[in-house]
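Q: Protein sequences appear in the order of chains D and P. For the first sequence, the residue numbers in UniProt numbering are 1 to 426. For the second sequence, the residue numbers in UniProt numbering are 1 to 178.
Please keep in mind that the hints were generated in silico from the structure rather than gathered at the bench. A virtual CB, placed ideally from N, CA and C, is assigned to each residue, including glycine. Fair warning: there could be bad hints in the mix.
[Claimed, not checked] Lysine-lysine pairs mimicking BS3-like chemistry, simulated, CA-CA at most 30 Å apart:
1. D:Lys318 - P:Lys159
2. D:Lys86 - P:Lys76
3. P:Lys98 - D:Lys86
4. D:Lys30 - D:Lys86
5. D:Lys99 - D:Lys86
6. D:Lys214 - P:Lys37
7. D:Lys158 - P:Lys168
8. P:Lys168 - D:Lys99
9. D:Lys321 - D:Lys280
10. D:Lys296 - D:Lys321
11. D:Lys37 - P:Lys98
12. P:Lys105 - P:Lys168
13. D:Lys158 - D:Lys86
14. D:Lys30 - P:Lys164
15. D:Lys76 - D:Lys99
16. P:Lys76 - D:Lys114
17. P:Lys98 - D:Lys125
18. P:Lys76 - D:Lys300
19. D:Lys37 - P:Lys164
20. D:Lys379 - D:Lys300
21. P:Lys168 - D:Lys76
22. D:Lys280 - D:Lys296
[As the list claims (entries may be wrong)] Simulated restraints on C-beta separations:
23. D:Leu332 - P:Thr158: 52 to 60 Å
24. D:Gln153 - P:Thr43: 38 to 46 Å
25. P:Arg92 - D:Lys86: 34 to 42 Å
26. P:Arg92 - D:Gly230: 22 to 30 Å
27. D:Ser122 - P:Arg92: 16 to 24 Å
28. P:His65 - D:Pro367: 47 to 55 Å
29. D:Cys237 - P:Val152: 42 to 50 Å
30. D:Tyr193 - P:Thr158: 23 to 31 Å
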Amino acid sequence: MSELEMEVDLEENEEKPYVRTLEDVQSIIKHAKLDAKNLTQVTQALYYPSSTMDDDNLKLLELDTHMHQQIRLGQKLYFKGGHNEKIVLCTEEKTYDVKGAEISNSLLLVPDLKFAAATSTSPLKSPRAGTSSLETSLNDDDDDVSVDRALEQRKVLKIFHEYFECREIRPRYRKIYELLQLTRYSGPENEEYIDRKLLFTYDQLLDTVQCSRKQFDEGLIQFRAMEFEGRMRVLECEYEMRIVNFMLGLLSENSWALDEVEYEETLSALEGIAPTEIVKGLFRIYTTPTDGKEGKYTYKESLVSRIIAQNILQPELKFRKDEFMSTWQEALPEGMRCDEKFLRGLGIIDREGITPCIRSLVEELLPTNIHERMRILFKNKARWTKEEMEPYIECFSTPTLSVSTLLAKHARSLTENGVRYFVSKH
Amino acid sequence: MSKPADTTVNAKVLFRCEKLLFLFVFTLYSKMPILIKTSSPTTLEEYAIVELQGDLEIRSGENIHNLFIGDLYYNKYGQPILIIGHHILQGREQKLEKPFAVLEKLKSKDGKSSLNDTNMDSNATLNRTIDCTILDSTVALENKSRQNTEYVVRALCTKKLIFKSRPKPIIANVATSV
Numbered sequence: 001m002s003e004l005e006m007e008v009d010l011e012e013n014e015e016k017p018y019v020r021t022l023e024d025v026q027s028i029i030k031h032a033k034l035d036a037k038n039l040t041q042v043t044q045a046l047y048y049p050s051s052t053m054d055d056d057n058l059k060l061l062e063l064d065t066h067m068h069q070q071i072r073l074g075q076k077l078y079f080k081g082g083h084n085e086k087i088v089l090c091t092e093e094k095t096y097d098v099k100g101a102e103i104s105n106s107l108l109l110v111p112d113l114k115f116a117a118a119t120s121t122s123p124l125k126s127p128r129a130g131t132s133s134l135e136t137s138l139n140d141d142d143d144d145v146s147v148d149r150a151l152e153q154r155k156v157l158k159i160f161h162e163y164f165e166c167r168e169i170r171p172r173y174r175k176i177y178e179l180l181q182l183t184r185y186s187g188p189e190n191e192e193y194i195d196r197k198l199l200f201t202y203d204q205l206l207d208t209v210q211c212s213r214k215q216f217d218e219g220l221i222q223f224r225a226m227e228f229e230g231r232m233r234v235l236e237c238e239y240e241m242r243i244v245n246f247m248l249g250l251l252s253e254n255s256w257a258l259d260e261v262e263y264e265e266t267l268s269a270l271e272g273i274a275p276t277e278i279v280k281g282l283f284r285i286y287t288t289p290t291d292g293k294e295g296k297y298t299y300k301e302s303l304v305s306r307i308i309a310q311n312i313l314q315p316e317l318k319f320r321k322d323e324f325m326s327t328w329q330e331a332l333p334e335g336m337r338c339d340e341k342f343l344r345g346l347g348i349i350d351r352e353g354i355t356p357c358i359r360s361l362v363e364e365l366l367p368t369n370i371h372e373r374m375r376i377l378f379k380n381k382a383r384w385t386k387e388e389m390e391p392y393i394e395c396f397s398t399p400t401l402s403v404s405t406l407l408a409k410h411a412r413s414l415t416e417n418g419v420r421y422f423v424s425k426h
Numbered sequence: 001m002s003k004p005a006d007t008t009v010n011a012k013v014l015f016r017c018e019k020l021l022f023l024f025v026f027t028l029y030s031k032m033p034i035l036i037k038t039s040s041p042t043t044l045e046e047y048a049i050v051e052l053q054g055d056l057e058i059r060s061g062e063n064i065h066n067l068f069i070g071d072l073y074y075n076k077y078g079q080p081i082l083i084i085g086h087h088i089l090q091g092r093e094q095k096l097e098k099p100f101a102v103l104e105k106l107k108s109k110d111g112k113s114s115l116n117d118t119n120m121d122s123n124a125t126l127n128r129t130i131d132c133t134i135l136d137s138t139v140a141l142e143n144k145s146r147q148n149t150e151y152v153v154r155a156l157c158t159k160k161l162i163f164k165s166r167p168k169p170i171i172a173n174v175a176t177s178v
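Isolated chain D, as found in the complex (with noise of 0.2 Å):
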């Protein structure tokens, strides 16, 4: 393109490129019938990137004011993906999908250029003041133009024709389940048959769960994992049960009032029925300190409520609405109550009936394919509510892709009786 100096100086001596002087500056500002007093001081040089820079060591990340936020705290930013998934940018708190963009424009991207402000002495004008101001006056002297212009070399450190931008997504801690599944622990007695070398600790499954430390912290809760000899565990359903049972049974027999459940108590009790740390676990996951009373703890009504309904909730089997709900409610400690809502993500009550039922179906055996799972749905349960749907679809929604929008794509809708349904598509 340049061919104005370069080709020559190339020519002559490949070693040394050629570099870029005040007089050519000054005579090219001539050429260009610009105005030198119109410009600002300082001429910056711009070249192409040494040959030392290796061209694919850098990258150009484009941040939303999250990233940016924690980059700037000095925070730090983790990849996070296995050959089987596609790679997520995670900050300790969210977790976003990575994606290569590729522009047709060119970024030169330049350390040190200094912007119009730092290359000016005096203050710069309002751009209002004057029109173009390139083509003004030619009728100027030119023999103190170059009295003060400085000329600084800058190099370009690399062209880009991409950049890496980001999405935030939900976190993907299905995996966390995953895993955790394969080392239920159903008690000291079934160890032996745990293959150890499944076992993995907190550190580990934060590495490969493609989420946020935040998020995972989450995960664990949401899946009831807890800490068991250093590694992370969760409980074989009916195991877990068993011992909350225990536990809630001091409710009764020590005669506490449900916001007053001693933490010390509850594991001298448990003593020689659950190992201590199970039992902490458990004690931890399923209770509050209780505001105002020092000490005491409340269980969490909503998981309490939750762990009894799936022990009652045998997949494959068909309750009927109200003899379901009063042996829930019958199997609850005294002064709580089961609630259609405990039931999110874990079961389902088909209303089509003349007798409504509740069927069991536990979100976290879905497909992880939304087509697939969707037509799970629709095979368990023809016509659905959004309500009824979320928590089986929530979980591939993300900041700009709503439940609805999930629904419009994925499902039909039609209305009857002023309630609107979704069926399938097919």
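Put chain P on the given structure of chain D with help from the hints.
A: Showing chain P alone in chain D's frame:
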């Protein structure tokens, strides 16, 4: 539908799945996560981006390293002017709506693996690891994670100079001056 047949198939598939799961845990484990470190915020540099439409080309052969591209001027109103060869471009200083981080890969002991590698070389590695037994892979898993690759945030870009308009030719009596 014959029930017993179905169940054997299922069992097989299940076993397969489990095996695959281990394999990829292993493969991913050897490389992930890739850490992006941030140098202390106070030392974080600010780089500029100059955006040009299309591509820069040089007439004289392949080796473009260190070659002069052009001059950048600003007028008193802060408008950037770029002169490349005998073309003049007028641009604009613009704040990036979404800033860029400049990530630099730090070479590790074994020196390979980049963002692209982890994205794309799955087949080769998979073939290699497919021979591994579950035992091998999980033993490897037991070992501490090996981090081959690290990126460091070398700089941030929050502003760019964008030259969107067509380059205008400079009509001048070139011969006398050069």
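Q: Next step is simple, just say for each hint if it's right about the structure.
A: How the hints compare with the structure:
no. : hint                            : result
1   : D:Lys318 - P:Lys159             : violated (62 Å)
2   : D:Lys86 - P:Lys76               : violated (49 Å)
3   : P:Lys98 - D:Lys86               : holds (23 Å)
4   : D:Lys30 - D:Lys86               : violated (54 Å)
5   : D:Lys99 - D:Lys86               : holds (9 Å)
6   : D:Lys214 - P:Lys37              : holds (18 Å)
7   : D:Lys158 - P:Lys168             : holds (25 Å)
8   : P:Lys168 - D:Lys99              : violated (35 Å)
9   : D:Lys321 - D:Lys280             : violated (35 Å)
10  : D:Lys296 - D:Lys321             : violated (35 Å)
11  : D:Lys37 - P:Lys98               : violated (35 Å)
12  : P:Lys105 - P:Lys168             : violated (39 Å)
13  : D:Lys158 - D:Lys86              : holds (27 Å)
14  : D:Lys30 - P:Lys164              : holds (24 Å)
15  : D:Lys76 - D:Lys99               : holds (19 Å)
16  : P:Lys76 - D:Lys114              : holds (14 Å)
17  : P:Lys98 - D:Lys125              : holds (27 Å)
18  : P:Lys76 - D:Lys300              : violated (67 Å)
19  : D:Lys37 - P:Lys164              : holds (25 Å)
20  : D:Lys379 - D:Lys300             : violated (33 Å)
21  : P:Lys168 - D:Lys76              : violated (45 Å)
22  : D:Lys280 - D:Lys296             : holds (15 Å)
23  : D:Leu332 - P:Thr158: 52 to 60 Å : holds (56 Å)
24  : D:Gln153 - P:Thr43: 38 to 46 Å  : violated (24 Å)
25  : P:Arg92 - D:Lys86: 34 to 42 Å   : holds (36 Å)
26  : P:Arg92 - D:Gly230: 22 to 30 Å  : violated (58 Å)
27  : D:Ser122 - P:Arg92: 16 to 24 Å  : holds (21 Å)
28  : P:His65 - D:Pro367: 47 to 55 Å  : holds (52 Å)
29  : D:Cys237 - P:Val152: 42 to 50 Å : holds (45 Å)
30  : D:Tyr193 - P:Thr158: 23 to 31 Å : violated (57 Å)
The structure is inconsistent with the numbered hints 1, 2, 4, 8, 9, 10, 11, 12, 18, 20, 21, 24, 26 and 30, although it conforms to all the rest.
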